[in-house]
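Whenever a hint applies, use it, and build me the whole structure from the sequences.
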Amino acid sequence: MNIYKEIEAEILAASNILITAHKSADGDSVGSSLGLLHFIEKLGKKATICHPDKAPDFLDFLELSSIIVMDQEPEKVTAAFQEADLIFCLDYNATDRVGKGMQPLLESATCTKIMIDHHLDPQNFAKITVSDTSASSTAELIVELIEQSGNVALLDEKIGNPLYLGILTDTGSFRFNSVKPRTHEVLAKLLAAGVKHHLIHELLNDTNTASRLRLQGFALSQKMEILEKNAVAIISLTKEELSTYQYKKGDTDSLANLALSIKGIKAAMVFSERDGIIKISFRSKGKDNPVNVLAANHFDGGGHANASGGMSALSMPETLDKIRGLVPEYFSDQNS
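Going by UniProt numbering, the residue at position 179 of the sequence shown is 179; the numbering climbs one at a time, nothing skipped.
It should be emphasised that the hints constitute simulated quantities derived from the structure, not laboratory data. Some clues are possibly wrong.
[To be verified] In the BS3-like style, the derived pairs of lysine-lysine whose C-alpha atoms are separated by at most 27 Å in a straight line are:
| id | residue 1 | residue 2 |
| --- | --- | --- |
| 1 | Lys76 | Lys45 |
| 2 | Lys229 | Lys287 |
| 3 | Lys322 | Lys223 |
| 4 | Lys158 | Lys5 |
| 5 | Lys248 | Lys279 |
| 6 | Lys249 | Lys54 |
The following block contains the structure:
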């Protein structure tokens, strides 16, 4: 029995299925969760999605009402964990990635756990682990589950829309080197199932607010620092600056990629002061400029080689001094 047929058997045997994903919800964690939910429903079973926090506003066009959020309804989430006899762990590979509220619930649950993820260095906490770092996204792996378990005939627009969205967002609209020939084969199956890709692009991208554009304009014109010797761009935003531009979750998500689009820039980093800490987004180009090691070694983070996250408990000035000191160690002098 292949691993995907084994997962199908676990789904069919379960009575209370719970789908979880990492904190700081994004397109892949939300898309893979919803795609899996609709697939499970097509198999004739029921499932519940519990996430640590609310999805960003730009994903509101999805069916987010089916997601129970720990930050908003902790009692319901606790009950879902206690009742679950099968837990899916999507788009994360360590229990601390679900946040302090959900982590003890996940770790104390004695039922079967299934991890489906594409990040490096998975922890050994699940009975069944699908860990494929060559996959573009967890959403792509959910399509693999559907196909390799012999259920591709069940794939339809309702299942496919969130999965297409997950692949789209986690590949930077198919620009990252995580996109492989297999990724496009998967996308072709989603289009054949009825996914209207042009509508998803419109719903995802044509959602800017005036305050978001003004924040981005301010960040790029006033708060971007270029370390020319190392071809690195740094953007920093304090909580006061975010408040001035009526910041909402997701408003800064594109800033790192915008900075990375500057000709000659090899890496970009965005530091934003939120929730009492400095949250950091790292982006880079090419195999010679990984950012995941920098994030893991110095900023309590990690992720993909060219797209990672981290955090700092230092003040903004101290954090920026720290990164300026680290940049020469991780990014070569372009003039040497």
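Hints versus structure:
no., hint, in the structure
1, Lys76 <-> Lys45, "holds, 20 Å"
2, Lys229 <-> Lys287, "holds, 19 Å"
3, Lys322 <-> Lys223, "holds, 17 Å"
4, Lys158 <-> Lys5, "holds, 22 Å"
5, Lys248 <-> Lys279, "holds, 14 Å"
6, Lys249 <-> Lys54, "holds, 9 Å"
Every hint from the earlier list agrees with this structure, and none is contradicted.
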